[in-house]
Every structure is written in C-alpha cells, then in structure tokens.
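Enquirer: We have chain A already, so just place chain B on it with the hints.
Protein sequences appear in the order of chains A and B. Quick note: the first sequence uses the working numbering, first residue 28, plus one each step. Quick note: the second sequence uses the working numbering, first residue 256, plus one each step.
Quick caveat, the hints were computed from the structure, so don't treat them as lab data. Be aware that one or more of the hints could be misleading.
Below, a sample of chain B positions facing chain A; criterion: calculated Cβ distance under 8 Å [stated by the list, open to error]: (1) Lys418; (2) Asp426; (3) Leu433; (4) Asn480; (5) Met485.
Some chain B residues well away from chain A (every beta-carbon gap over 10 Å; in silico) [to be verified]: (6) Arg269; (7) Gln601; (8) Trp608.
Computed, partial: chain B to chain A, Cβ under 7 Å [to be verified]: (9) Tyr266; (10) Leu330; (11) Gly412; (12) Leu422; (13) Thr432; (14) Gly434; (15) Arg438.
Because the structure is a prediction, the values reported are computed rather than measured. By construction, the Cβ of each residue, glycine as well, lies at the ideal position given by its N, Cα and C atoms.
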Amino acid sequence: MRLRTGNALAVQATDLTLAYQQRPVLWDVDLEVPRGVLMAIVGPNGAGKTTLLRTLLGLLRPAAGEVLVFGRSYLEQRGLVAYVPQRGSVDWDFPTTALDVVTMGTYGSLGWVKRPGASERSRATAALEQVGMQDYADRQISQLSGGQQQRVFLARALVQDAEIYLMDEPFQGVDATTERAIVDLLRALRTAGKTVVAVHHDLQTVAEYFDQVTLLNVRRIAAGPVDEVFTEENLRLTYGGRVAGIGGRANATPLDMLA
Amino acid sequence: MDVLSDMALDYTLRTVALGSAALGIVSGALGAFAVLRRQALLGDAMSHAALPGVALAFLITGSRAPLVLMIGAALTGWLAAVAIAGIIRASRVKTDTAMALMLSVFFGAGLVVLTFIQRRPAAGKAGLDKFLFGQAAAMLESDVITMASVGAVGLLGVLVLWKEFKLLSFDPDFAATLGVPTRRLDLLLTSLLVIAIVVGLKTVGVVLMSAMVVAPGAAARQWTNRLGVMVTLSALFGAAAGVLGALISTTAQTSTGPTIVLVATGLVVVSLLVAPARGLVWTRMHAWRSQRILALEAVMSDLAALAAQHSSDATRPHDIAALHAVRGRALVDRALSELAADGLAQRHDAGGWSLTPRGLAEADRLARLRRTPSADL
Numbered sequence: 028m029r030l031r032t033g034n035a036l037a038v039q040a041t042d043l044t045l046a047y048q049q050r051p052v053l054w055d056v057d058l059e060v061p062r063g064v065l066m067a068i069v070g071p072n073g074a075g076k077t078t079l080l081r082t083l084l085g086l087l088r089p090a091a092g093e094v095l096v097f098g099r100s101y102l103e104q105r106g107l108v109a110y111v112p113q114r115g116s117v118d119w120d121f122p123t124t125a126l127d128v129v130t131m132g133t134y135g136s137l138g139w140v141k142r143p144g145a146s147e148r149s150r151a152t153a154a155l156e157q158v159g160m161q162d163y164a165d166r167q168i169s170q171l172s173g174g175q176q177q178r179v180f181l182a183r184a185l186v187q188d189a190e191i192y193l194m195d196e197p198f199q200g201v202d203a204t205t206e207r208a209i210v211d212l213l214r215a216l217r218t219a220g221k222t223v224v225a226v227h228h229d230l231q232t233v234a235e236y237f238d239q240v241t242l243l244n245v246r247r248i249a250a251g252p253v254d255e256v257f258t259e260e261n262l263r264l265t266y267g268g269r270v271a272g273i274g275g276r277a278n279a280t281p282l283d284m285l286a
Numbered sequence: 256m257d258v259l260s261d262m263a264l265d266y267t268l269r270t271v272a273l274g275s276a277a278l279g280i281v282s283g284a285l286g287a288f289a290v291l292r293r294q295a296l297l298g299d300a301m302s303h304a305a306l307p308g309v310a311l312a313f314l315i316t317g318s319r320a321p322l323v324l325m326i327g328a329a330l331t332g333w334l335a336a337v338a339i340a341g342i343i344r345a346s347r348v349k350t351d352t353a354m355a356l357m358l359s360v361f362f363g364a365g366l367v368v369l370t371f372i373q374r375r376p377a378a379g380k381a382g383l384d385k386f387l388f389g390q391a392a393a394m395l396e397s398d399v400i401t402m403a404s405v406g407a408v409g410l411l412g413v414l415v416l417w418k419e420f421k422l423l424s425f426d427p428d429f430a431a432t433l434g435v436p437t438r439r440l441d442l443l444l445t446s447l448l449v450i451a452i453v454v455g456l457k458t459v460g461v462v463l464m465s466a467m468v469v470a471p472g473a474a475a476r477q478w479t480n481r482l483g484v485m486v487t488l489s490a491l492f493g494a495a496a497g498v499l500g501a502l503i504s505t506t507a508q509t510s511t512g513p514t515i516v517l518v519a520t521g522l523v524v525v526s527l528l529v530a531p532a533r534g535l536v537w538t539r540m541h542a543w544r545s546q547r548i549l550a551l552e553a554v555m556s557d558l559a560a561l562a563a564q565h566s567s568d569a570t571r572p573h574d575i576a577a578l579h580a581v582r583g584r585a586l587v588d589r590a591l592s593e594l595a596a597d598g599l600a601q602r603h604d605a606g607g608w609s610l611t612p613r614g615l616a617e618a619d620r621l622a623r624l625r626r627t628p629s630a631d632l
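Just chain A, same shape as in the assembly (with noise of 0.2 Å):
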C-alpha cells in the first residue's frame, strides 16, 4: 500500500456525528488540520473531545460524516497516523516492560506473524531514548511513575514513524519534567513538519504549545489559529458561560476562569 501526503489537509473531518442512546456526542463536527501545526482540542468534560479522536481514528463508528488524511480515507491512509490513547486505558500491572511497549508500536509494519527482531529493537531504544527513557528500558511498566508511563506511549507512537500523531491528553497527571519533555518533543514533532493534534486540558497553557485549536463542546465552536480563535467570547460558548476573563492571558488561574 502506498501512504501519500501530497498537499491536502493532514487531518480533514467533515459533518462527523455521533450519538449514544440518542444522546449527541458529536454533532456535525468539521475538523481542517493543516499540515505541521500543533494543535490542541479543548472543551469542557463530556464535549466529546476523546470521541472526536477515537473516530478520526477509526474505533468508533460515526453515524454520519467522513474523515480524510492527506486527502484519502483514513483506511488507506492508516500507515501516517499514530495514536497516543490516555495512559489510563491500559492495565499497567500486563508483564512486560518499556521497550516491549515501544516495540508494539512496530508491529504495524512488521506485518502478520513476523517476530520483532534486532532493527525493531533498536528503532525502540532510539524511541525510548529520545523521551529520555532509556535508562528505564527494561523495567516493568507497573514500576513507572505516571509520567513516565506516558513517555513510554510517546516513544511507542514515536517509533511508528508517522506524520500524523493524534493524542489523547499527553499532559495530564504527569510531572513538571515529563511536561517539559512532552513540550520539546511536540516542537521537535513541529520542527520535522510532523502534524500533532492532542486533547487538553489546561487552559493556561494552550497558547504556549500549540499553535491552533478547535474548541468543542458536541458541536466545533470555533477552530484556527490560538491567537485568532482562543478569545473569552468563544470560551464563554465552548463552557456555557462559566468561564470569564482570560482571552489567552497568560497570568490567568483555573479558579479566575471559573466564575
């Protein structure tokens, strides 16, 4: 199978929905990802930000609407795109260790049957080193901390080799040195004209590490560049009203956005 990027959007999304028991999650969402940008997608809880990912990524089945990667559907398309799901959707305590973890991120194009052999272990140590793992290599996963349980899953979308890396809150939970990590690889990821689309959280930061941002709450508020569309007005409407006064200042607490 040939991947091709060409000049298409890295990630284009049009009129996805989505419901449970009749309830929307997603409603008539449209998502342009531009090539080589960072781009955070924010919203408050249940505004369907980890559905929108998981069926960009093809686990969950949309009632309606299409996605396209680099102009072709995400099935032919599969090979670019590497996923970093919540650290917390795994069991943690499975008998295995780091670079076994990273390793799993091969299989995709070692193919059926085929054992991962000396290259495939070596792409991984590289993975694992450029999140600065690699002395925590063969340790098993349980003995990690939470930070370092999200490196791990970085390295592993790493050694995918990708263009397209979609994540599913990289930042939460971790320590102030993994974030630092995540923040440089983000850039690094930017810098090779790698596209990141992640899910986050906190508001304080979203114009420091990204570069664009769809706000969603079920339906896509507003999306583009931070500093066009990370205003209070479409933040008020992505929250309903409850946040007031931060419009990308960057002195702003969680507690002043919350009125």
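Expert: What follows is chain B alone, placed relative to chain A:
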C-alpha cells in the same frame, strides 16, 4: 497375575498422567491470556456451556468418541461466548450479567438433555454424567491422543500469533489503529480458549474446568514480569496440577475435577504467599525490613542531634527518656540494642546512651545521603 495387574495399573496411571499433562499445558497457556484479559469468568461460562454440546453430540450421533463429544462441546461453548459478546454489544446489559445469564441457560439446557438421555433405555448412555465433575481413571489412550492433537492446535495458534495476541491483550485500541482486525483476533483467541476447555472437559468436568483456566495463570503471574515466562510457567503449573491431581484422584478414587482443582489452588496459594516481589510474605518482609532500617536511622540521627548540642564531647551519654517520648519506647530500645550490637551506639556505665565515633560518622554520612533533618529535640 500380580505382574499383569501391576502392568495394567502402570498403563492406566501413565495414560492418566499423559492426558492430564496435555490438558494442563493447554489450559495453562491459554488461561494465562484469559487472566490477563480479565476473562476468567468467560472461561467459566464457556465450560458450563459445553455441557449441552456434549449431550447433544451424543444424542445426535450416538457416539461417545472423544473427538465427537469435543466438537459438540466446543460448538456450544463457542456459541455461548459469541452470545455473551453479542448481548454486551447490542444491549445495555453489563458483562457480568451477560456471562452469568449464558452460563446458567446453557448449563441448565445441558442438564435437561442429560437427564433425558439417562432416562432412555438405550445402552452406552453411561458415562456422560462424568462430564460434570470429570473422571481421569476412565481415560484411554485414544482419549490422550485426541486431547494432545486438539490441544496442539490451540498451542500452535498462540505461538504463531504471539505478537498479535500480546498486543490485543495489552492495548486493543492501539492494535486497531495499527490495522489489526481486533474483533476477529479476539474471536480467534476466544476460540482457542474454547479448545483448551474442551480438551480438559472429560477429565476435569464442566463445573470446575474454569479453575484450570484461571489458577495456573494467576499463580504464574506472581513469579514473573515477562509475558513469555508467564505463559510458559502457567503451562507448567497447569501440567503439574493436572498430573498430580489426576494421579491422586485415580489412586485415592476421589472425583478427578475437584482433586485437580485443589492441587491447582494449592499452587496459587503458595505463589500468592512466597513469590518474590509480589508474594505476601515477601512484601511483608520487605516492609518490615525497611521499617526496621528507618527506625535505626531515626534513632541514630536523634542521638547525633543530641551530640551536636554538646560539641565539646560528642560521645557524652544522653538520657534516652527524651527519645522514648518522641519515638516510642519499644522502637527506641530495639534500635539501640541493634546499634550497640553493630558497634554504632554504646551504653555508658553511668547510664545513658551515645553514638560511638563510628556511629557519629555513619549518622553524618546518612544525613548527607538522605538530606533528612534530624528530629527536633
């Protein structure tokens, strides 16, 4: 005559041992995946659901050939698994409810068919009721060959698709994003588990077969942090429980299934207690040891703090009533006697304690190392 019956006994025991080893290996290896995927109860539901398959296979074919009954068992066991998955997907019924529901429906149906068969005058009916609690003694060479061949299919599946099954067990969503057909793979792994179950059905019985799926895996998890080692160990534990239990039940003439299960449970209990790093004894010892070391360090740093207040004579004796008040008498006294035995603290003839010069140096080193402030006395 004596020699002949001895040989016959040997032959029986050897057959039983071989068959039980085969069933233990297969259920242990595949059960390890069931344990990791939190599907222990699915194994229970499927083994109970195998009963109507056995009964119907006999009713329809009139044959008691092991392969025929196994195929019947596998079909209804598998059907139950598919039904459970379908119910969970299509309705709001929760997983445990769906499993309990299917388990009782299939098992009930099996018992109805079984009683129907037993009321018929036809010959050859005897023996089906042994599928409830299992019987190793009746095992024939043909049974063993069938069990080993069917089981080999299950093991081969795990070996060939090792990496896919590992990925599916650890992170199915991620597997799906790599293009792995997770639903079909899930169905395949469940089908292999069905194979493991039907292999042991006649020996262990439908009621307790799930223990052979769960117990070896649960025991093996205690000893290792590698999937490969865990699955291998689980297979070995399964074989050990199978062989030991079957031999005990054959010689002591107890029900085979319950006996095997007791042996398997014994393995679990031992593993839960003594396995390094995860075992209860180990973790308690570890906690106790670190508590003791912390107590020693605390008392040393207290004495060092007292000494620091009298810099002219660092080994001047101190009344330890102050330490008792802060740390507790028993802890302080035990720590002091251990420190004294190590030559780090000394009791003075006039009463009172102090660190030895070596103890002072050690306290200083620890303080630097831990950068922990000594107690404020």
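Enquirer: Report the numbers of all earlier hints that the structure fails to satisfy, in ascending order.
Expert: 9, 10, 11 and 15
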